[in-house]
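J.: Residues per chain, in single letters:
2 protein chains.
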Amino acid sequence: MEEQLITAEAMILLSATVAIVWAYINFCFVKRVTISGAFSDTGESSALLGDGDGRSASEIVARLTEIYEAIYEGAESFLTAEYRVCTQFVVAFTILVFILIGIGTEWDTTRAGLSALSFALGAFTSMASGYLGMKVAVFSNVRTTVSATPGPEGWTRCFNVAFRAGAVMGFALCGLGILVLYGTAVSYKVFVYPNPDDWVKLTECMTGYGLGGSCIAMFGRVGGGIYTKAADVGADLVGKVVHGIPEDDPRNPATIADNVGDNVGDVAGMGADLFGSFAESTCAALVIGSSFKDFGWSALFYPVVVSSVGVFVCLLVSFIATHFRPVKKERDVESALKIQLVASTALMLPVVYAASKYYLPEQFEIGAAVGNRMVTLYPWSAFVCVSAGVVGGLIIGLITEYYTSHSYAPVRELANSCKTGAATNMIYGIALGYKSAIIPVIVLAFIVYGSFKLCDLYGVALAAIGMLSNLATGLTIDVYGPVCDNAGGIAEMAELDPMVREKTDALDAAGNTTAAIGKGFAIGSAALVSLALFGAFVTRIRYASNDELFANGVNMLEPVTFAFLLIGGMVPFAFAAMTMKSVGLAAMEMVYEVQRQFDQKPHLLDANPAEPPDYDACIAISTNASLREMVAPGALVIFTPLVTGIIFGVNAVSGLLVGSLVASVQLAISMSNSGGAWDNAKKYVEKASPDSALKGKGSDIHKAAVVGDTVGDPFKDTSGPALNIVMKLMAVLSLVFSDTFFYFNKGKGFLNL
Amino acid sequence: MEEQLITAEAMILLSATVAIVWAYINFCFVKRVTISGAFSDTGESSALLGDGDGRSASEIVARLTEIYEAIYEGAESFLTAEYRVCTQFVVAFTILVFILIGIGTEWDTTRAGLSALSFALGAFTSMASGYLGMKVAVFSNVRTTVSATPGPEGWTRCFNVAFRAGAVMGFALCGLGILVLYGTAVSYKVFVYPNPDDWVKLTECMTGYGLGGSCIAMFGRVGGGIYTKAADVGADLVGKVVHGIPEDDPRNPATIADNVGDNVGDVAGMGADLFGSFAESTCAALVIGSSFKDFGWSALFYPVVVSSVGVFVCLLVSFIATHFRPVKKERDVESALKIQLVASTALMLPVVYAASKYYLPEQFEIGAAVGNRMVTLYPWSAFVCVSAGVVGGLIIGLITEYYTSHSYAPVRELANSCKTGAATNMIYGIALGYKSAIIPVIVLAFIVYGSFKLCDLYGVALAAIGMLSNLATGLTIDVYGPVCDNAGGIAEMAELDPMVREKTDALDAAGNTTAAIGKGFAIGSAALVSLALFGAFVTRIRYASNDELFANGVNMLEPVTFAFLLIGGMVPFAFAAMTMKSVGLAAMEMVYEVQRQFDQKPHLLDANPAEPPDYDACIAISTNASLREMVAPGALVIFTPLVTGIIFGVNAVSGLLVGSLVASVQLAISMSNSGGAWDNAKKYVEKASPDSALKGKGSDIHKAAVVGDTVGDPFKDTSGPALNIVMKLMAVLSLVFSDTFFYFNKGKGFLNL
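If you read the protein sequences in the order shown, they are chains A and B. For the first sequence, our numbering puts the final residue at 1167, and the numbers step up evenly by one. For the second sequence, our numbering puts the final residue at 1167, and the numbers step up evenly by one.
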């Protein structure tokens, strides 16, 4: 190998530092916008207020501050409450990890301790990411609102504020993730396992990091998802459907809770989710890589190098949106975001090729997961696997967009189906979701086959890493969306000029489309990560049993394996049922509360009510419901593999993981896309003029479309995306506790099946 | 073995004869009721007509005959059209079977010819069963209507007519199935393969019978399902929702099509489906059994003996409903039907035990599907496997009932969710369906594990046979339902006294609940059949490859296998999407047609319109839509395994089958139960008084419930039950063409992966 100008270590640390600095720079940009500043210049102030709006600058600043603070406080208090529950869980589970790994390793306390430590670190990094994201989002929403001044500069300014807010989260999370992960690994190497022969143990202890990240992601996604959708569905059901008041109208008591929800669900929850994917895919690749002979520390951390160079790529690409092709009109918004995704994908390819050539040995051999074959790997074959992930992610994303954007036939057809009522809208929407999974699944199958064949399980892990390599860009866009959504909400509540709302709505709409693309990446990578983790689990058990188990692969026709294949396929459905019903239940509570307020104080519905509604009651309902309801689905996902492994053994776990993977992928894609399509079909109907075939807002067709949108809310923002975590979490958990499972009757479980 | 008083052969032939004779006897009972006879006695005639109904006996007889004939002609012409398409398919596919098996066996024209012949026989038996069922149902519907005289005798009479109509179909189908299957086997033995060493080949040729039955079942279920639900959904959407006219109102142009649909979808389609299950489970057991050494013809046909003794059990049990505990009031109806299921299950156990002891060797050894182990079987172990199926089916059925009957909490909760609108009803209903799969899947997993462990794959096949052993009873109840539904429709259209409609509605409601139980049996047995067929496929490939393939089982971690696991999981979703959308599309066409008639002739909506609406236009829409739309999903299911096997090889097929099995089970149970629950939640709301919390008919709550019911129609009667066939058909197809798949690069497919 040629001499390296920049070692892998230096590259990783450099990228983490650059990412964090870049996040801070973006934060400074956002911070420069102030509420009072926007109104000190009289010209702008009057432009943001409607004609004949008699409020003074100080009045409007006070109103904006009031709304912003209400959202801020709601989000802060929810996350505090949620993280209090999570911390209790983390403390208890850290102990459990220690004990179970202790049992599995016959009290190798070093491994048990380090695994527990990794778990706690992963969990707290995840919480930190979520908290940070929420803070940034809440900080930026009102700043986006006041930047939406008329004309092209307004477009540029408000887009940039939201986009940079996203970048703060995107880059900070990537930097933090890489830094903590690599820092942990280096510490373990320096202080505990300096000998390369022990790196298998080292990487095993590291898997706790992925588990910790994933557990918090689970609670974040589910808790946040229930919070945001309970508020959203509840607000829509009473507000829009019954009383015909617009979304985010300040008279609706659930409106603040709805805006809080965007921050805790779509920002904090999703940040934790993607952080978990990153951590797990890296851990899977490390575990598999550590079994290779003479691989060396640098080569072992090649997967992290891929993520590191991804940071630079995303950073460069972000200039396209802010400098080379700034947004100047409505049309620019969607293309600006899409260019981010396409350009970062395109740029990744040569960069990854160079990194592979530079950091990987010219040729190396790895043992196949199944049988006693050796597989020869080259830098180009690793590059092909990573690229398959990078490109495959984009394809899946674009297919997702095709099925969920109202620029294309499927959503338009869905909108048309509303003409015959809500029932046909439902039938078409569910069918659309199911259908939308066909091509993504074929693409995934293709990636699995190709990367597996080329580089065995290591290839699958690399494909997952590849799909997540432009994570910073993906996260930027994902955070951008809720910020714009909130910005619009604030504009509506502060009764600013409709022009402001139009701008933020356009920003939000483009965000929805690109968020759909992002979801495609998230689900695809989750499937690959799960398979890689499952493969690592099989490899671990194989070594632990000295080739007595799984040496010839995992046999589907083992009675217990097949039985658990069926049960595994059931878990995601059960999980979806629980989370959907939680949203439904909480939404109904919300509806009753809003209705109660309107019944008791009918004047709340006046055009300019004398007193505000009781926002806090609604916030309390969402908070309590989500904290209460996130426990059961979380427990299902965490304890099913644990109990299965301990009681029924490793064959049962294999069936469970594969069954759940197969069903989760379908269900996650279908639910996310059905939900997205319903949302955009409703928007498409709303955009139609009253004279057109679709009749537009307020018509029966619109009402049918709103039913779809409401059903779609938990589909696309609670159950669907949480299913990503279901498959990953079950797999990483099995990997972490593989030695423990093996301990019971040599992997045959407590029942010795 | 002790000397047999009745040989297996005699038992099988006897049962088939008894079944057919018993079907004929029941037919004679039904035939004794005549329309004119009911009105010749003046007392009854006036009781069936409302007070002040001035129509004479001859007028009402003419009206009833007119309606009955319209339904009859619609059903007849649809089935003729459908079977014309099916016949074309069968002819073409018979040739394809001959060619492909010819290729696979290197032109062993005997096997190719016999397989093709079996295929054609299975297909035509299935068509005959469907046609017979439709004939009986159409013949009996009006007879049920006119038997619904006031008082307890009325209850007894109309229940008995509908029940006996069901029995005609139930017993005729069982008798026909057993007779043709066994007759074919004996002919092959006598004329072609007298040597026991050749019975492996004989049973392989027999599998074509299962394939033929299943192909027709596929078209029958999908075609019939689209027909009936297009009419039903369309009629509901315009009639109930828009114009507020009641179900089956003669003013609704779609009403005849709706009643035709019950006969072609719920009777003919479902008859073909269950016939297919019977044929396939028997074929799977025969193929596996034929590989046992020194097993003997009688023991080989033990699975058919189980079905045969089932006929006698069902026959005896039917006397409970008609003689020992005749129906005398509304409450008796549901318990009468439920007793049928429970009693036939209970009585099966001792009978099967005796048959096992009597017809199976005291001990015999079979080769395990995986590895080189031998498994020792005893009559009691075979009995345990069959019983697991019998009892498991009942448990799954009762769970299904719990989730779909409005006597229990889930449906009541669902009805309550309608208070906050259609959206929460949808969310709760989908969640209910997903949740309802949990216990059935665990029960199935338990059966799979237990029977597999005890008797290897043979045990799984026996469990499937067990679950279908009281098929005659199940079919009786399944046909009973649509007959009562039609009877009510006829009463409504002929404007008979509301008392008649109340009676038929009560019969129908009880039928819905027990039909739900029947669906549980159907789905559970389909899952077991598929696994047994998959096992038989694996065994076949293993022998064909001389233990080079699958000797150590089927490895999930083979790249191509895993890739196709994902694709297999996608197929049922794609299939459900296609069929649901077909229903949606056809229903929308129906809505437009009905609306067009009302728009052009507003007087059609008058209380007593001068002219009838154009029923035929609606029948044509349903017919054309279903013939057009059944092709694509059928092709998907038939050609996916075929193309996969030929191009990608047998590892790919394994992944495909298992993936599709895992996903189909979940989706089939969920969709059927969601649909059933929505239907009954709507009925529960309708039964509520206007002063109660649920407000009753016509309220907004009711409208929300109707949306659920409408969405549930394709769920429970088109896509859900057709998914049974998806898993079975793909598996039996792979088994039939296993040699062909192996022919291409020794099972590695055309691409030589």
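Be aware that one or more of the hints could be misleading.
The list treats identical chains as interchangeable, and a pair is accepted whether it falls inside one copy or across any two copies.
[To be verified] In silico DSS-like cross-links for lysine-lysine, where the CA-CA straight-line distance does not exceed 27 Å:
(1) Lys833 to Lys1015
(2) Lys771 to Lys603
(3) Lys1117 to Lys1097
(4) Lys1097 to Lys1162
(5) Lys1117 to Lys833
(6) Lys615 to Lys1101
(7) Lys1097 to Lys1015
(8) Lys549 to Lys1015
By construction, these hints were calculated from the structure, which means they are not laboratory data.
J.: All the hints need checking, so say for each whether the structure fits it.
T.: Verification of the supplied hints:
1. Lys833 to Lys1015: between (36 Å within a copy, 22 Å between copies)
2. Lys771 to Lys603: within (25 Å within a copy, 67 Å between copies)
3. Lys1117 to Lys1097: both (12 Å within a copy, 24 Å between copies)
4. Lys1097 to Lys1162: neither (54 Å within a copy, 49 Å between copies)
5. Lys1117 to Lys833: So Lys1117 and Lys833 pass the 27 Å test inside a copy (10 Å) and across (16 Å) alike.
6. Lys615 to Lys1101: neither (58 Å within a copy, 66 Å between copies)
7. Lys1097 to Lys1015: This pair counts as neither: shortest intra-copy Cα distance 32 Å, inter-copy 36 Å.
8. Lys549 to Lys1015: neither (34 Å within a copy, 63 Å between copies)
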